[in-house]
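**Student:** One letter stands for each residue in the lines below.
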Amino acid sequence: MKNPKLYILKTARRLSQAFFLILFLFLLFKAEFRGTFDKEIQNIRIDYPVSIFLEADPLVAISTAISTHTLYQGLKWSVIVLVLTFILGRFICGWVCPLGTLNHLLSFSLGEKKRKERVKSNRYQNWQTIKYSILILMLAAAFLTTLQTGLLDPICFLTRSLSTSILPAIGWSLGKISGFLLLTNIHGIQKLSDSFFDFSEKYFLSVKQPYFHISYLLGAVFILVLALNRRIMRFWCRALCPLGALMGIASWSSIFGMEKKHERCTDCNLCLVHCQGACEPIGRVKWKAWECHICFNCRVVCPEDVIRFKFFPKDEAIESVPDLSRRRILRSASLGLIILPFSRVSDEFKVNYNSRLIRPPGSLEEKEFLARCIKCGECMKVCPNNAIHPSLLESGIEGIWSPIIIPRIGYCEYTCVLCSQVCPTGAIKKITEEEKLGIKTKKPIKIGLAFYDKGRCLPWSMATPCIVCEEWCPTPKKAIWLEETLVTSPSGEKIRVKLPYVNPELCNGCGACETKCPVADRPAVYVTSIGESRSKTNQILLNPYGKK
Amino acid sequence: MDRRNFLEKSLKAGISIAATGSLAYWLYNRDVSSKDVSLKMQVRDYSVKISEEFPEMVIVRGESPSKIVKTAIEELGGIKKFISTGDRVVIKPNIGWDRVPAQAANTNPEIVKAVVELCYSAGAKTVIVTDVSCNDPRRYFQRSGIANAALSAGAIVNLPSERKFRVLKIKGEVLDEWPVYRDFIEADKVINIPIAKHHNLSGLTMSLKNWYGILGGHRSVLHQKIDESIADLATFMKPTLTILDAYRILVANGPQGGDLADVRQINTVAAGIDQVAVDAFGATLFGKKPEDLSFIRLAASRGIGRMDLSKVRTREISI
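Just so you know, the protein sequences line up as chains A and B, in that order.
My numbering puts the first residue of the first sequence at 1, with every later residue one more than the last.
My numbering puts the first residue of the second sequence at 1, with every later residue one more than the last.
To be clear, the hints were calculated from the coordinates, so they are not data collected in a lab.
Any given hint could be a false lead.
Dumping the calculated PhoX-like pairs for lysine-lysine here, alpha-carbon to alpha-carbon at most 25 Å [as the list claims (entries may be wrong)]:
#	chain 1	residue 1	chain 2	residue 2
1	A	K208	B	K169
2	B	K288	A	K498
3	A	K10	A	K76
Please build the complete structure, drawing on both the sequences and the hints.
**Tutor:** Structural data, given as C-alpha cells:
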C-alpha cells in the first residue's frame with residue numbers, strides 16, 4: 001500500500017505552495033506606503049521588492065523582450081525561473097505559482113462521487129492545448145508591439161484582481177463590521193475591534209478605503225476563474241494559462257521526469273483522482289511532460305509503485321513536446337498578428353487619444369506604453385491617493401486594464417514616484433522626485449492640463465467665494481492664479497470674489513484641483529491629457545514650459 | 001387529507017399570513033429618520049482656569065524651536081498648570097500638506113516634540129499627536145517630520161482612519177452635522193499647535209483655522225462660508241493651550257506654499273490660553289491688524305476670545 005515515506009514529497013510541495021502564496025500576499029500588502037515614522041525619510045520609497053513575482057515571470061520577460069527588444073531591470077530574475085524549467089519542467093505550476101495554489105485549494109474535494117468523476121475529467125483532454133494557442137497568439141501580437149500577455153498571465157491576473165477588487169471588497173466589508181461593532185457601545189467590543197483594525201491597517205488593509213473603476217468586473221472574472229475549479233480541477237492552469245503553456249514548451253529539455261513500470265499498473269485510477277495537470281500518469285500510455293505540474297500526487301498514491309520520478313528517465317514512455325500541428329500554430333499566430341492593424345485603425349490613433357486618458361507620471365509615449373504595460377495593477381495598488389485605475393476602453397481595445405488616472409477620485413501626489421518604482425516592465429519608467437518636479441531641468445513632468453468649466457464654478461458664475469482649487473494646487477509658483485473682482489450677487493449686492501485661472505506653463509496636470517473641487521458631481525475644474533510630457537503631438541502650447 | 005395533515009397545513013398558512021401581515025403593518029410608511037430635539041450648539045471644553053498672577057499670553061523669540069516653546073510654557077505658569085497626572089493629551093499640530101519643514105506649511109516638528117516631552121514630564125498618561133491631513137496622512141506625517149519627532153518623544157501618532165470619525169451634531173451656524181475625529185472628542189486635554197501662515201481665502205491660517213483638521217468629510221465646501229465655519233469650530237473646540245508656531249512663517253501662496261522664497265524665519269512662538277488673542281497677535285507678525293481678518297472679528301464678537309491685545313496680559317521674552 002501507500003508508502004508513508006513518500007508523504008514527505010507531498011508535504012514539501014504543500015509547504016512550498018504555502019510559502020510562495022504567503023510571500024506573494026505579504027509583498028502585495030507591502031505595496032503600500034504605511035509610513036516609516038521611526039526614520040526621518042523625505043524621499044518615500046517602498047522598502048520591499050514588491051514586484052518580484054512579476055519580475056521573475058518568464059512570460060512577462062519574454063513578451064516584453066519581443067515587443068521592445070529589451071529586458072527591463074528586474075526582469076533578469078525570470079532567467080533563473082526559465083533555466084530551472086529547462087531542467088525540472090513545469091514545477092513552477094505545482095510548487096510556486098500563487099494562482100496555481102489558489103486553484104489547487106479550490107479544486108480540493110471529498111466524496112466518492114466526485115472521485116469517480118475525476119477519473120474521467122483528469123484524463124488528458126484536447127482542449128488543454130487552448131493555452132498554447134493563447135500563448136502563440138499573444139507572442140505574435142507582442143511581435144507587432146501590442147502587449148496582451150498581462151490579460152491572462154497568472155501573476156498579472158492575480159495581482160490585478162486582488163489589488164483592484166478582492167482586497168478593497170474585503171476592506172470595505174471589514175469596515176462595515178467595525179462600524180457595526182462600534183455601534184454596540186460596549187467598551188470591550190469596541191476596544192477589541194479597534195485593536196484588530198489598528199493591526200490590520202498597519203499590515204494589510206488600507207487606511208483609506210480604495211475604490212476602483214469597474215472593480216466589479218475584475219472581481220467577477222476572478223471569482224469565475226476560481227469557481228471553474230469546482231467543475232474541472234485547475235481548469236485555468238490546464239486550459240487558459242499562457243505562462244503554463246510557456247513552461248510546458250520550456251520543459252521540452254527537462255531532464256527530470258516520470259518513468260512508469262507499465263506492466264505493474266492495475267488500472268486502479270488513484271493517480272487520476274489526484275492528478276493536477278491531467279498529464280496521463282496511468283500506465284500503458286505516454287506521460288505528457290508538458291502538462292505535468294510535478295505535484296507528485298500520483299507518485300504518492302500509486303499502490304503498485306508504477307510511477308517513479310527521477311533524473312534522466314527512460315524516454316520511450318514520455319511525450320516531451322506539446323502536440324500542436326503546424327497549421328494550428330500558424331492559425332494562432334495569424335490571429336495574433338491581425339490584432340494590431342485592427343486596433344490601430346481605430347479613431348483614437350488618428351485624432352489624439354481619449355482626452356481623459358491620463359497616464360501616471362513617467363509613463364512612456366502611448367505606443368511604447370502599450371508595448372510594455374502588462375496590466376498587472378501594481379501601480380494602482382501602490383498609489384497613495386487611489387488615483388490610478390484599471391481602464392476599460394478609455395485607452396482603446398489594446399489598453400484594457402491598463403492604468404489611467406481618474407482625477408475626480410484621486411490626484412497625482414506632487415512628490416510621489418511610487419508607481420514608477422514598482423512598475424516591473426518600465427511602462428512607467430523609474431523617475432526620481434527631482435526628475436518629476438524638474439528641479440534641475442526646470443521641466444517638470446506633466447501628465448495633463450486643468451481647465452475650468454466656468455458655468456459650474458462658484459466664484460465665476462455664482463458670486464460665491466471658494467478657491468479650493470488654488471489652495472490645493474501644489475506647484476511652488478501656483479499654476480492656478482486668482483484675480484480679485486467685484487461681482488454682482490442674485491440680490492444685486494456687490495461682492496468681492498477671487499476668480500481662478502490656469503497657467504498652462506506651470507500646470508502639471510496632477511488633478512488635485514479636480515479631486516477637491518466642491519462641485520460634487522461634475523467638477524468645475526477638470527484635467528485632460530493635453531500637454532502631457534510623454535507626447536510630442538498631444539500639446540496645446542508651442543512652448544510648453546514658457547520662454548526660458 | 002387526514003385531520004393531522006389539515007391542521008398542519010392550516011397552521012403553516014396561518015403563521016405565514018400573520019407574519020407577512022404584521023411585518024407589512026410595521027414597515028408601512030415607517031419613519032426611520034432620527035429624531036433630534038436639542039438646538040444648543042455643542043462645545044468641547046478642555047480649558048483650565050489660571051490665576052491672575054500669570055500672563056494669558058507669552059511671546060518668546062529665540063534660535064532654538066524647542067527652547068522657545070519650553071520657555072513660553074514655563075512663563076505661562078509651567079506645564080503642570082495645564083496637564084495633570086494621568087491625562088490623555090491630544091496634540092493638534094498642522095500636518096496639512098506634503099511638505100518638508102523648511103517649506104513652512106506644517107508645524108515645526110521640534111516644537112511638537114518639545115510639547116510632547118513637557119506633557120509627559122507633567123505626568124500625562126498618553127500623549128497623542130494627530131491631525132486630519134488634507135490628504136494621505138501617511139505621506140504628510142512622514143515628510144513633515146512630525147511623526148518621527150513625536151514618536152521619538154514617546155507620543156502615540158494616530159493616523160486618521162475613516163472608521164474613527166464620529167458624526168456629531170455640532171449645531172453651529174454653518175456646521176450642522178459633521179464627522180469629527182474621535183481623538184478630539186475623547187481627550188482630557190487638547191493642545192493646539194498651529195503654524196502661522198498665509199491663506200489665500202481667509203487671509204491667514206493660525207489657531208482658529210487649524211480646527212478644520214478635526215473634521216472629516218468633504219470639508220472643502222466650507223470655504224464658501226470660511227469665516228463662519230472657523231468661528232463655529234472655535235466655539236466647538238476650547239483647547240487647554242494654544243501654541244502658535246511662528247518659527248518659520250509662510251507669507252504668500254498659502255496654505256500649501258512650497259516655494260522657499262515665500263518663507264520667513266522669525267524665530268517666534270506665542271503660547272496662550274485665549275485662542276483669539278493668539279491669532280490676533282499672529283496677525284501682527286504679517287504686518288496686519290487683528291481687525292483686518294474677518295474670522296478674528298467674528299470670533300471676538302461671538303465672545304470666543306479677545307482680539308484687543310492691549311487687554312490681554314502678555315509677556316514678551318527674547319532668549
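**Student:** Now, for every hint given, state plainly whether the structure supports it.
**Tutor:** Verification of the hints:
1. K208/A with K169/B: holds (24 Å)
2. K288/B with K498/A: Distance of about 20 Å is within 25 Å: holds.
3. K10/A with K76/A: This hinted pair is violated, its Cα atoms lying about 30 Å apart.
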